[in-house]
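Q: So you can see what is in the structure, the chains are spelled out below.
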Amino acid sequence: MEQLKEAFEILSKGVILSQNSKKYSEVVNFLAIDENFEKLSSLVSQLGFELIGENGYFYFVKESTMTPTEVQLFVESHKKVIVAIAILKQIIPLLSPNDTIKITDFTAELTKRVDESLEQKLYFLFGELDTKTKIEEFFKLLEKRAILERVNAKDKDSFRVMQSINYYLKIVESVG
Amino acid sequence: MTHQELVELLYKNKQQIHQGYVQGSLEYADKALVDATVFVEVGQNYVLNKNYITFVNSVLDRVDYSIVFGDYQKEHQELIKYKNKYLSGYETFYKNKVLQLVDDIYLKFFYRDKEIAALLKKLESEMELELDLIIEEANNILEKISELIEANTNITNTFIELKSIDETFKEKVTMLDEGFLVLVEKISTYIEWLNGFIIQTKNKRRQNKLFLKVAHDILYEHNDNLEFFLTSNQERLHHTITSSRNRVVTYPKEEDLTQVGAALKEFNFIRVEKPKAKVKLTPPQPQKLDIVNIDTILELLAKQNCEDIFLFLLQEGFEYNKAFLIYLQLLSFEEVVFTNQFNKHNIRIVQWNN
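Chains Y and S are the protein sequences, given in the same order.
Heads up, the first sequence is in the numbering used here, so the first residue is 1 and it goes up one at a time.
Heads up, the second sequence is in the numbering used here, so the first residue is 1 and it goes up one at a time.
Note that these hints are calculated values from the structure, not bench results.
Worth double-checking, as some hints may not be accurate.
[As the list claims (entries may be wrong)] Pairs of lysine to aspartate or glutamate, EDC-like flavour, derived with a Cα cap of 16 Å:
#: 1; chain 1: Y; residue 1: K170; chain 2: S; residue 2: E130
#: 2; chain 1: Y; residue 1: K80; chain 2: Y; residue 2: E26
#: 3; chain 1: Y; residue 1: K112; chain 2: S; residue 2: E130
#: 4; chain 1: Y; residue 1: K112; chain 2: S; residue 2: E227
#: 5; chain 1: Y; residue 1: K170; chain 2: Y; residue 2: E136
#: 6; chain 1: S; residue 1: K213; chain 2: Y; residue 2: E136
#: 7; chain 1: Y; residue 1: K102; chain 2: S; residue 2: D295
#: 8; chain 1: S; residue 1: K144; chain 2: S; residue 2: E178
[Stated by the list, open to error] Computed far set for chain Y versus chain S, every beta-carbon distance over 12 Å:
#: 9; residue: F37
#: 10; residue: E50
#: 11; residue: K62
#: 12; residue: V71
#: 13; residue: V83
#: 14; residue: A86
#: 15; residue: L94
#: 16; residue: D105
#: 17; residue: K112
#: 18; residue: K121
#: 19; residue: E128
#: 20; residue: D130
#: 21; residue: F139
#: 22; residue: E173
Ideal Cβ placement from N, Cα and C applies to all residues, glycine included.
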């Protein structure tokens, strides 16, 4: 019962829970069991939520009509993450869920590869900031959107790629 | 120059050699290194001996995509030549040549395996090349490795033949058999891995192109498709919008959390609460059987001590099964004394002691 509650609370915060997440491994393992998934699903459906579980990640959606402002924010939020993932893919073409990315390696590679298209994307995301701050903000954004997760709290340099990246892949496959 | 002197020379000039290895060429090299052909003069520069670089790369598991795996045709032909010469006169000289060639070929297989493994690792962790080039390189490696299968088969057949010629050959080849077989089988594994890698990389290339295209459309505001898709599928998409100025919350609100809390409590009703007080255990009370009037039997037993309750019950006229049931029931009475013996019915002798 505690895990049901915990799963609900985490998903309620808007986190996309990835199956390869170490941070949320207990909750994810709990939801990976059909019976638990069904239980939470049925519980939240009474509140107008839907628990989605696909391609190695879980998230909540809620039946509600958005105001124009909300729609705008909703779309802009997705655009930002798609552009950020495009940067990641440009810098690390073989990138896959479970891979580990180091900020230092990323920075070195970015410096080597930087071209007009990369600069445009970084400008779109962070405007006129200096490169160092842009990179910091870049990792913050992807961590906040649960695309990257710190390998461990002590290591400030390494991030693991979450399976939630497939959520955005689903979108670009639908419109690309 | 002895080997030890060479090692000392290398050690003494380690900085210069390392620079030559990292930079590819140097404008100056120590004369002793040039004399020992550790460095070779090319035009106005000095480059490290190619054999030295090959040795270092092999030891350090570093390989380049341009590596060429030997097909062992030359060694194989030599092996067949010396085997035939040995068969014509059984001279020890040719025998030793064959044995040496078997060793050489095995070692080449061993180093080749290391090179392939390092190459595939390099491919897998490639950061410098674009995916198109990675796929091209993977296809090239696949082609190179596939060509080795024929060489492997030819050499394996010759090794099998050698075993039947001479006991020494048999001993040598048998000694290497297991390791050799592993190295040969690994080739199939590498080919399988490469095929999988190429498919996956092609898929990644497709995905990356999609991300880059959609990102490009976003930057140039040609993203009607994306906006339409997001807005028309918002019921199925992840809502995570928060903003300090526009607090857009499409995920649970406070009242939702309260409702969930209540719903979770409903789930709780099936939980078995732990007893608050400790349960006092009391010994089971004897129960009366319906089949006989146990009081009558107890009255009979009260009149006299009994050496064997089961025999006593039989003597009283109870049938065997019924006697046994009553016997079992009487076992819980305090007057019962257990012995370590069994009666002729193989039932433990239990006494009744008033």
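Q: Taking the minimum C-beta separation from K62(Y) to chain S, is that value above 12 Å?
A: At about 5 Å from chain S, K62(Y) fails to clear the 12 Å cut-off, so the statement is violated.
Q: Is L94(Y) truly not at the interface, in the sense that its beta carbon sits beyond 12 Å from all beta carbons of chain S?
A: About 6 Å separates L94(Y) from the closest Cβ of chain S, which leaves it inside 12 Å; violated.
Q: A cut-off of 12 Å on Cβ-Cβ distance, and V83(Y) was said to be off the interface with chain S. Does that hold?
A: violated (5 Å)
Q: Quick one: work out the minimum CB distance from F37(Y) to chain S and report holds if it exceeds 12 Å, violated otherwise.
A: Label holds. Min Cβ-Cβ 15 Å, cutoff 12 Å.
Q: Is it the case that K121(Y) keeps its Cβ farther than 12 Å from each residue Cβ in chain S?
A: Nearest chain S Cβ is 6 Å from K121(Y), so the label is violated.
Q: Given the hint that K144(S) pairs with E178(S), does the C-alpha gap stay at or below 16 Å?
A: violated (24 Å)
Q: Does the structure keep K80(Y) and E26(Y) at a Cα separation of 16 Å or less?
A: With Cα atoms ~30 Å apart, K80(Y) and E26(Y) exceed 16 Å; violated.
Q: Since V71(Y) was said not to touch the interface, does its Cβ keep a gap of more than 12 Å from each Cβ of chain S?
A: The claim is violated: V71(Y) sits with its nearest Cβ about 6 Å from chain S, within 12 Å.
Q: Any Cβ of chain S at or closer than 12 Å to E128(Y), or is the non-interface label fine?
A: For E128(Y), whose nearest Cβ neighbour in chain S is about 16 Å away, the distance exceeds 12 Å, so it holds.
Q: Minimum C-beta separation from E50(Y) to chain S exceeding 12 Å: can you confirm that?
A: Since the minimum Cβ distance to chain S is about 8 Å, E50(Y) lies within 12 Å and the statement is violated.
Q: Holds or violated: is the Cβ of D105(Y) farther than 12 Å from all Cβ atoms of chain S?
A: Given a closest Cβ separation of 8 Å, the condition is violated.
Q: Quickly compare the C-alpha distance for K102(Y) and D295(S) to 16 Å and report which way the hint goes.
A: violated (86 Å)
Hints 1, 2, 4, 5, 6, 7, 8, 10, 11, 12, 13, 14, 15, 16, 17, 18 and 22 from the list above are not met by this structure, while the remaining hints are.
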